[in-house]
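Asks: So you can see what is in the structure, the chains are spelled out below.
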Amino acid sequence: MMSIIKKVKKIGIQTILKRLYSPRPLEQHIQKDMKSKKQKVEAFIDKELTFDKDKIIAAAIQVNLQLHKSTIEYYEHMKLLTEKAVNKGAQLITFPENIHFLLLGIIPMFEKQLNKEKSFIKQGSSNEMREQFFLLGPYIEKIFDLTFSTLARKYQVYIMAGSITVPVGNQISNIAYLYDPSGKCLGTQRKLHATPLEEGFGLDVGNELNVISLPFGKIAFPVCMDATYFETFYLAREQGADIVVIPIANNEEYDFYKAFRGTWHRVQEARVFGIKSALVGKMGDLVFTGKSGIFAPIDLTPQKDGVIQEAQTYDKEEIVVGEVDLATLRTYREEDPLLSDSNQELYDKYLSLYNPL
Amino acid sequence: MANVATFQLTYHPHNTQEEYDTFIQENCSFYKIDLLVCPPNCDRYFNSFEDYLSYHKSLAKRHFCMIAPGFFYKDQHHTALLISPNGDIIHQQQQAHLSRWELRQGLKRGTTLETIDTPIGRIGFIIGTDCFYPQIGRILGLQGIDIAIAFYQQPAPYNSWLQMSGVWQQVQHNQFFAVEAGFNGTLGQEHFAAESIIHQPLGENGDGCSQKLKTNQNGFIKCILDQNTLESIKQKFPIYKYLNRTLYQRVWGK
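Chains P and L supply the protein sequences, listed in that same order. Sequential numbering from 14 applies to the first sequence in this note's numbering. Sequential numbering from 6 applies to the second sequence in this note's numbering.
Some hints here could point you the wrong way.
[What the hints assert, rightly or not] DMTMM-like cross-link-like pairs, simulated, lysine to aspartate or glutamate; straight-line CA separation at most 25 Å:
1. L/113 <-> P/358
2. P/295 <-> P/65
3. L/241 <-> P/265
4. L/246 <-> P/361
5. L/246 <-> P/212
6. L/246 <-> P/86
7. L/239 <-> P/358
8. L/79 <-> P/358
9. P/317 <-> L/80
10. L/219 <-> P/312
[Unchecked claim] Pulled a few chain L residues facing chain P out of the computed Cβ check, cut under 7 Å:
11. 17
12. 35
13. 95
14. 97
15. 101
16. 112
17. 139
18. 147
19. 174
20. 177
21. 192
22. 212
23. 247
24. 250
25. 251
26. 253
Source of the hints: derived by calculation from the structure; they are not laboratory data. Note that CB positions come from ideal geometry on N, CA and C, so glycine has one too.
Chain P extracted, bound-state conformation (with noise of 0.2 Å):
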């Protein structure tokens, strides 16, 4: 009998998020915005589309976790941030790792819940979360798809579009999306290593690490924990990187020095350029800190510092914008003072070790 329940109750909720979640509404809304402003639109393209093999301007946006009540707020507010980055010359632009939890105040009441009830994100409550990623899941992915995939075509540019945690059959994975200039997914990336969270809820991490050919270079967009392993950019480097990007939803008070433990010292060992894209702000009680930046050797930088340029704050929306010299790096390497040096026979001998005894 309480299964009966249940299942009624589910097939309720589903025929609402349906309902809530349908691309309808948002695809008429992309098709208004499309023709309304299609010469503002012309002005963004280029006839004949190039980019140039050993420069780009690169964006990576900072997200505020902003609840919107509707597909076409959330589609809105990421045009903007798109938008905003292409007038500032950017031809790739990264978001944040679960930029779908933007689309959660769509659920009714909501917000009010998080506030009532703190956390859903706490010990205990991993069977719920698990469900609601399923529930959830599949009308997430088309909103966010359709966004995603209209903006690189109006703007034409290449967009990172952050990651979703989304159900893959019977598993939930955390994945990243890589659209180009006409609109097409080129690729996905799935998160390759866990949280403790995440694995409290049953992520399934990926095991294949994807470079994908651009134009102006190859690019890998492993997710947030994956710049934590050296072994994710030197998987990267090794299938020939050029630019690896961080999307992060970091759900810690910001603190300078463990937030430096990631993608700034894993593009130092890889010589490789760094797009981190963070998601900040509040949801509940929840706090997610981070600041965006595009990253590259130290020597390549002008202050030394590894940075080409980084978000002023950890809390607010960004977007920063910043220029990758991929002939410069290409060279850098070549004549790499410290780290062109491999030695082989250790790692054979040692890197065994990675299997359990």
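Given chain P, work out where chain L should sit, using these hints.
Replies: Relative to chain P, chain L alone:
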């Protein structure tokens, strides 16, 4: 608990063994010290390698502590030693990665990276250019070291970001302690600048540096390393638990 210490002494080619000895006598407090890490190239204060070795063996015996007397150039390798409180050499390590400059000098790579169990925990070495290679910290970490003895040597001008990209990250990345002795001074025509730092993995707060000597600041620092603190840091943020071995085995560990 481990009482560890290091010192910093700017080297000039005219310096003598007597000056080195006087500095140690006047600045280093050996009370309850378990491990003293000396700066790289301290063999250069001595007339011969034998004198260097015998001096540090006697020092270890006199104060009943372990001593890592920097690293030195011998037989085309950068090599480091660990001397026991009884004056015996209990561990040796060769630098495993070389900079372009070191390659031009004809240095060779070591191809082993072993650790040693001591009364204050398992110890391994990170030497010179190896500071910047994350594979070194990972291999030592996978072997379960508690303390890394590290030697930092980079040409001046000093860049704190460069030094942070070395041992600091190896410590945070693998959650062990490290005693890093930096080399300040002149070798041939080249000037070197460094800080000496006792590192610990980040816990609730702090910058991961328990004690520090600024570049060219001669002096002595010591610190108590608490194994219980280390364990609790690892429990709260268990980095090794989430290693993705399936992914890495495509490249390593076949």
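Asks: Against each hint, give a clear statement of whether it holds in the structure.
Replies: Structure-based check of all given hints:
{"no.": "1", "hint": "L/113 <-> P/358", "result": "13 Å, holds"}
{"no.": "2", "hint": "P/295 <-> P/65", "result": "39 Å, violated"}
{"no.": "3", "hint": "L/241 <-> P/265", "result": "13 Å, holds"}
{"no.": "4", "hint": "L/246 <-> P/361", "result": "22 Å, holds"}
{"no.": "5", "hint": "L/246 <-> P/212", "result": "10 Å, holds"}
{"no.": "6", "hint": "L/246 <-> P/86", "result": "40 Å, violated"}
{"no.": "7", "hint": "L/239 <-> P/358", "result": "30 Å, violated"}
{"no.": "8", "hint": "L/79 <-> P/358", "result": "21 Å, holds"}
{"no.": "9", "hint": "P/317 <-> L/80", "result": "35 Å, violated"}
{"no.": "10", "hint": "L/219 <-> P/312", "result": "22 Å, holds"}
{"no.": "11", "hint": "17", "result": "25 Å, violated"}
{"no.": "12", "hint": "35", "result": "31 Å, violated"}
{"no.": "13", "hint": "95", "result": "20 Å, violated"}
{"no.": "14", "hint": "97", "result": "15 Å, violated"}
{"no.": "15", "hint": "101", "result": "5 Å, holds"}
{"no.": "16", "hint": "112", "result": "11 Å, violated"}
{"no.": "17", "hint": "139", "result": "4 Å, holds"}
{"no.": "18", "hint": "147", "result": "4 Å, holds"}
{"no.": "19", "hint": "174", "result": "4 Å, holds"}
{"no.": "20", "hint": "177", "result": "5 Å, holds"}
{"no.": "21", "hint": "192", "result": "16 Å, violated"}
{"no.": "22", "hint": "212", "result": "5 Å, holds"}
{"no.": "23", "hint": "247", "result": "5 Å, holds"}
{"no.": "24", "hint": "250", "result": "5 Å, holds"}
{"no.": "25", "hint": "251", "result": "5 Å, holds"}
{"no.": "26", "hint": "253", "result": "5 Å, holds"}
Of the numbered hints listed earlier, those contradicted by the structure are 2, 6, 7, 9, 11, 12, 13, 14, 16, 21.
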